[in-house]
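Visitor: Residues per chain, in single letters:
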Amino acid sequence: MMAYIVRRLLATIPVMAIVGVFVFMLLHLTPGDPAAIIAGDNATPANIAAIRNRLGLDRPLHEQFLTWVWATVRGDLGISMFSNLPVTKLVLQRAEPTIALTTTTLIVAVSIAITVGVLAAWKAGSLLDRVVMAFAVMGFSVPVFVVGYLLVYFFSVKLRWLPVQGYVSIDQGLWPCLRNLILPSIALGLAYVALIARITRASMLEVLAEDYIRTANAKGVATGSVLMKHALKNAAVPIVTVIGIGVALLISGVVITESVFNIPGVGRLVVDAIARRDYPIIQGVMIIFSGVYVLVNLAVDIIYTFLDPRIRY
Amino acid sequence: MTTADGILATTTPRDRQVWDFIRRNPTIVIGGTMLLLIALGAVFAPWIAGDPIVFKPVNRLKPPSDEFLLGTDSLGRDVFARTVYGARISLLVGLSVAAGSIVAGLFFGLVCGYYRRIDAAVMRLLDGIMAIPAILLAIALVSVMGSSVRVVIIAIIIPEIPRVTRLVRAVVLSVRELPYVDAARSSGARARKILLRHILPSTVPPLIVQATYICASAILTEAGLSFLGAGTPPEFPTWGNMIAQSRLYLASAPWTIFAPGACLALVVLSVNLLGDGLRDHLDPRLARRM
Numbered sequence: 002m003m004a005y006i007v008r009r010l011l012a013t014i015p016v017m018a019i020v021g022v023f024v025f026m027l028l029h030l031t032p033g034d035p036a037a038i039i040a041g042d043n044a045t046p047a048n049i050a051a052i053r054n055r056l057g058l059d060r061p062l063h064e065q066f067l068t069w070v071w072a073t074v075r076g077d078l079g080i081s082m083f084s085n086l087p088v089t090k091l092v093l094q095r096a097e098p099t100i101a102l103t104t105t106t107l108i109v110a111v112s113i114a115i116t117v118g119v120l121a122a123w124k125a126g127s128l129l130d131r132v133v134m135a136f137a138v139m140g141f142s143v144p145v146f147v148v149g150y151l152l153v154y155f156f157s158v159k160l161r162w163l164p165v166q167g168y169v170s171i172d173q174g175l176w177p178c179l180r181n182l183i184l185p186s187i188a189l190g191l192a193y194v195a196l197i198a199r200i201t202r203a204s205m206l207e208v209l210a211e212d213y214i215r216t217a218n219a220k221g222v223a224t225g226s227v228l229m230k231h232a233l234k235n236a237a238v239p240i241v242t243v244i245g246i247g248v249a250l251l252i253s254g255v256v257i258t259e260s261v262f263n264i265p266g267v268g269r270l271v272v273d274a275i276a277r278r279d280y281p282i283i284q285g286v287m288i289i290f291s292g293v294y295v296l297v298n299l300a301v302d303i304i305y306t307f308l309d310p311r312i313r314y
Numbered sequence: 018m019t020t021a022d023g024i025l026a027t028t029t030p031r032d033r034q035v036w037d038f039i040r041r042n043p044t045i046v047i048g049g050t051m052l053l054l055i056a057l058g059a060v061f062a063p064w065i066a067g068d069p070i071v072f073k074p075v076n077r078l079k080p081p082s083d084e085f086l087l088g089t090d091s092l093g094r095d096v097f098a099r100t101v102y103g104a105r106i107s108l109l110v111g112l113s114v115a116a117g118s119i120v121a122g123l124f125f126g127l128v129c130g131y132y133r134r135i136d137a138a139v140m141r142l143l144d145g146i147m148a149i150p151a152i153l154l155a156i157a158l159v160s161v162m163g164s165s166v167r168v169v170i171i172a173i174i175i176p177e178i179p180r181v182t183r184l185v186r187a188v189v190l191s192v193r194e195l196p197y198v199d200a201a202r203s204s205g206a207r208a209r210k211i212l213l214r215h216i217l218p219s220t221v222p223p224l225i226v227q228a229t230y231i232c233a234s235a236i237l238t239e240a241g242l243s244f245l246g247a248g249t250p251p252e253f254p255t256w257g258n259m260i261a262q263s264r265l266y267l268a269s270a271p272w273t274i275f276a277p278g279a280c281l282a283l284v285v286l287s288v289n290l291l292g293d294g295l296r297d298h299l300d301p302r303l304a305r306r307m
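Line by line, the protein sequences are chains A and B.
Each residue of the first sequence is one higher than the one before, counting from 2 in this note's numbering.
Each residue of the second sequence is one higher than the one before, counting from 18 in this note's numbering.
The following block holds chain A by itself, in its conformation from the complex:
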């Protein structure tokens, strides 16, 4: 078991190395002088020279790359062009809202999606099943920001039940924090719920057709127990896979959701960086979010071995 985990952990190194090369090369792949791109259209030659010097762009490319890799590995993601603060520090300052939003969404979305998916598979072909499947297609099709504005319009502007936007730190109490996260979580989680509900239904349908389910039903095991213990446990591997892959949806979604609801998180940090051409921030957040994605999927691979003891790589 330990050997397997260590081997999977080592396998993430080449993936992250390629992410690193790609993120580093972005600025260098384009025709033209990276310093001039960063400086923007109204820069004087002196500005450009200063940027080139500060970022070490005047040194040979391989030397720049090695310096950058060594710094990144130690957790130093460079200095923001706009605020002159270390990117790592800026990201950490903005981490709380993003973590709060994504974890609430993840927990709520996964529990709703699995329940709904199991019920749809159990009552396959029923009205409930059709509603769930129709909802799933809708969930994929309506963009995060349109859902967000619809929710704000009805629940905040018209009904005045919930705050329009903003974020309250969890230090101010759990409820005020959650109150601000309700609408963003729904907007962010919709596509994720649709994705997981669909795969849960599909995977459950396959398992429910197995002989041992008929046996369990025939010998009088309670329906709930058949669904949860006999079926869901055996349908779990594809579901967990999609939960892992779907984290990419959450990461993309969080960037847009934070913008809609004016939540000062890591996603907003990136969006603000676009207009300011603050490349170190964009690069740093790319590395962090890619790392999170790789780690989540590493965790999924490890969870497999608990769900299905036959899996031994």
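Keep in mind that the hints were calculated from the coordinates and are not lab data.
Check before you lean on any hint, since a few could be wrong.
[What the hints assert, rightly or not] In silico lysine-lysine, DSBU-like type, Cα no more than 35 Å apart, as pairs:
(1) A/234 x A/124
(2) A/230 x A/220
(3) A/234 x A/220
(4) A/159 x B/79
(5) A/90 x A/220
(6) A/159 x B/73
Model the placement of chain B on the given structure of chain A, informed by the hints.
Guide: Leaving out everything else, chain B in the frame of chain A:
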């Protein structure tokens, strides 16, 4: 085996067959019809709608009326005209991204699946690209290369390539050992001919389905990028830009956000329905699983 030809064969103008097709594939018909109407609207935009660019501050934030079907935005521009013209960019981006990523993914997938020596290296590279969240990759590319429709299309294609490659590669790996490919090989056919004549056709049905899903997600990504200010230039009438520029007027002029928002959802829904229908039609085995 059903292939793309299967659809054409079943839509011969015999009424009974047409009716059968509609009954068995309602989602293809519904999705396809909605998409066709939207595409016609986009093509004939100049005849349907007024000027999407001209702005008259006198008319700003007018609610929907006979003069302005969907009202006006904060600069006094015709929301209906902008929404109709917005379909052009969305469809252009969706189709170009689908075509571009299918062509690139097909190339890499065929090569990786068949020539095992370079497979490992290319697949590791693509794994790395897949780990980068697509929207961040696109944001970074657009901010480095400058915002234009062409750059947005390229920026959305790149993260799609690994997914198509994996799909094509999986098909090649399962088909390459089949007896008919063996027969072609032992009768002296060259690798290029085997790939193009004997293996390529098997990738077509799953790729058609994949293309529709890529098209849908590309339309969503373009709108998201434009909404964030990293997409098409702000003066373009795209749905993402319209929503971004109207965000402050949600309470006072909701039509400025919900008109383009509804169209966006409708287009993506049509494409997704078409995709689901095609999947059921082209691969009934997969349909049961999803």
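Visitor: The structure should be examined with respect to each hint, and the outcome stated for every one.
Guide: Here is what the structure says about each hint:
no.	hint	result
1	A/234 x A/124	holds (18 Å)
2	A/230 x A/220	holds (15 Å)
3	A/234 x A/220	holds (19 Å)
4	A/159 x B/79	holds (20 Å)
5	A/90 x A/220	violated (60 Å)
6	A/159 x B/73	holds (29 Å)
Violated hints amount to a single one, hint 5; each of the other numbered hints is respected by the structure.
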